[in-house]
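Trainee: Residues 1 to 541, numbered by this note's numbering, are exactly what the sequence shown covers, in order.
Don't read these hints as lab results, they were simulated from the structure. Watch out, some of these pointers could steer you wrong.
Quick list of simulated restraints, FRET-style, between CB atoms [said to hold, decoys possible]:
| # | residue 1 | residue 2 | range |
| --- | --- | --- | --- |
| 1 | Asp97 | Gln349 | 23 to 29 Å |
| 2 | Val317 | Pro472 | 29 to 35 Å |
| 3 | Ala74 | Asp364 | 38 to 44 Å |
| 4 | Leu82 | Glu199 | 18 to 24 Å |
| 5 | Pro472 | Ala266 | 32 to 38 Å |
| 6 | Val244 | Arg443 | 34 to 40 Å |
| 7 | Ala228 | Pro90 | 29 to 35 Å |
| 8 | Glu248 | Gly131 | 27 to 33 Å |
| 9 | Gly310 | Ala266 | 50 to 56 Å |
| 10 | Asn470 | Arg78 | 46 to 52 Å |
| 11 | Arg133 | Ala266 | 55 to 61 Å |
| 12 | Asn73 | Arg443 | 34 to 40 Å |
| 13 | Gln349 | Gln226 | 35 to 41 Å |
| 14 | Glu94 | Asp309 | 27 to 33 Å |
It should be emphasised that the depicted structure is a prediction, and the values quoted were computed from it without experimental measurement. Note that CB positions come from ideal geometry on N, CA and C, so glycine has one too.
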Amino acid sequence: MPFRPDPKSIAGTDLPVHERTQVLIIGAGPAGLAAALQAASLGRSVILVDENPLSAETMGENVPLHFGGGMTNAVRNRNAMLEAVVESEPAFSEAFDAGIDIRLGTTCWGVYAPGPDVGWLPGPVAGLMDGDRSWMVGAEQIIVAAGRRDMGLSFAGWEKNGVVGITAAVRLAKRYGALQARRAVVLGSSTEALQSALELRDAGVEIAAVIDHVFEPLGSPVLWAQLAAGGTRGLFGYVPREAVGAQESVEAVIASPWRASDSDGAELTIACDTVLLGVGAVPVIELLDSVGCQTVFDGGRGGVVPVLDGAQRTTKVGIFAVGDCAGIWAAKTLDPEIARAEGRRAASQTEQVQAETSGGPTPDFGEYRLRWVQAAVIDSEGAAHVCQCEEVTAHEILEVRPPRYLGWEDLPPASEADPVRRNRRDLHSLLGDSPPHPDQVKRLTRAGMGVCQGRRCREQVAALLALAANVPLESIPAATHRAPVRPMRLNLAALASSESAAMAEHWDTWFGMPSQYVPYWDVPETYTAGERDQDAEVASE
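Build out the structure end to end from the sequences listed, making use of the hints.
Mentor: Written out as structure tokens, the structure reads:
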């Protein structure tokens, strides 16, 4: 008999790809723009997308950065925001002149590449959306230049308007001119935090103090000297106890010595209207992880980063990473030419030895962040919500308690007479002897399932699990990302995922499952899938 393929298979059918280009670049920062200019100079067609300017609604959801309500009403003027983005980067003019197709206000919500699960794809494909539509773009090469964000830090009052990620504050001040802050306190003293503080000071923000649990600045002594010379107070050996203020706004920060035995200081109150989270700059690897690029924890490069070769290639064919999403270190922060060189290297696909990650000893950011979570979250009794979206505290994460709206308070306690595993509220009994996985904790507690998609709590949860298991931070598996990596309206998702007629012909019988769409008038009062006649014909047969 001649071979006949499964008629229900989608193998050989075409994904509706609305447009194609040779190079698609995601992110129009220094690295992304350099990659676009290099690719254009080689005669290749280039589409450069950047999600800025963001809508006020997206900013209000703390996506993609922790804006913390720290923006003025200027962010509601879409045209002014668009002009501000263009004017903030002189290289845009050069890119326009080079014929690069630049699309601002356009978000990449997912990247897909050929692999064991999608072997029928001809090459890399990205899902894009703007305010009105969502569509798929095919490319020979996709360069991700997604940048960085700030690690969240739970302490009393951190949900107030005015507790802002320092990267978000710089974006608001320098790109949009829409930062409310007038007097700020910075948490953290890495090179990234200190440089951002100086940029904000240049933008007119008074930096009242830098607070850190370490006893001397972690980052560049030169940068700290510049801040101190401008009147910034250094509170080293301190941690924030509470951000206080009337209603939902910050009016002051109360700082306490972390360990009284190590410090003779007293509790201090610093008047401010903004608290800047600078305890950790995190590479934005969401797109890279969701497409299946291999990642690794590297404390000298900012945490979890993609595995790259000398030409910035990831482990997925056709996918490259450049800029801060490829790794963050002090020298790169101080010299944006390093990021630009990465962009040019990826666009030309030229192998080169990667730049040194620092000009001196590399700080152990894993240990540094663990100590921040120990000091500010655990030692402060863990009462504040680590996951603000789902209102989950540190204690509830460590005790693996389900969401409160499920009524866990009413469950009977575990006992020898009733050893029910779901009531055994500890990591070891629920998760076994292997290192706890953030994905498991996410499913059990919902920490990370909120609208911000874990951007404020992801690193904190990993640190809490490492502290509870008494293992280094790098021993904790990285929480996974899935597309869409941005909040997406359902009508836009439907536009992006519209199948061709050939793909949809047998959708109701894929995996041997009968149709799940039964008219409500045919559904019995109690119904299970097992009651269906498995031999009956379904719609497409």
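Trainee: So, for every hint listed, does it hold in this structure?
Mentor: Here's how the hints hold up against the structure:
no. : hint                        : in the structure
1   : Asp97 / Gln349: 23 to 29 Å  : holds (24 Å)
2   : Val317 / Pro472: 29 to 35 Å : holds (32 Å)
3   : Ala74 / Asp364: 38 to 44 Å  : holds (40 Å)
4   : Leu82 / Glu199: 18 to 24 Å  : holds (22 Å)
5   : Pro472 / Ala266: 32 to 38 Å : holds (34 Å)
6   : Val244 / Arg443: 34 to 40 Å : holds (35 Å)
7   : Ala228 / Pro90: 29 to 35 Å  : holds (32 Å)
8   : Glu248 / Gly131: 27 to 33 Å : holds (28 Å)
9   : Gly310 / Ala266: 50 to 56 Å : holds (53 Å)
10  : Asn470 / Arg78: 46 to 52 Å  : holds (50 Å)
11  : Arg133 / Ala266: 55 to 61 Å : holds (58 Å)
12  : Asn73 / Arg443: 34 to 40 Å  : holds (39 Å)
13  : Gln349 / Gln226: 35 to 41 Å : holds (39 Å)
14  : Glu94 / Asp309: 27 to 33 Å  : holds (28 Å)
Against the hints set out earlier in the document, no violation occurs for any number.
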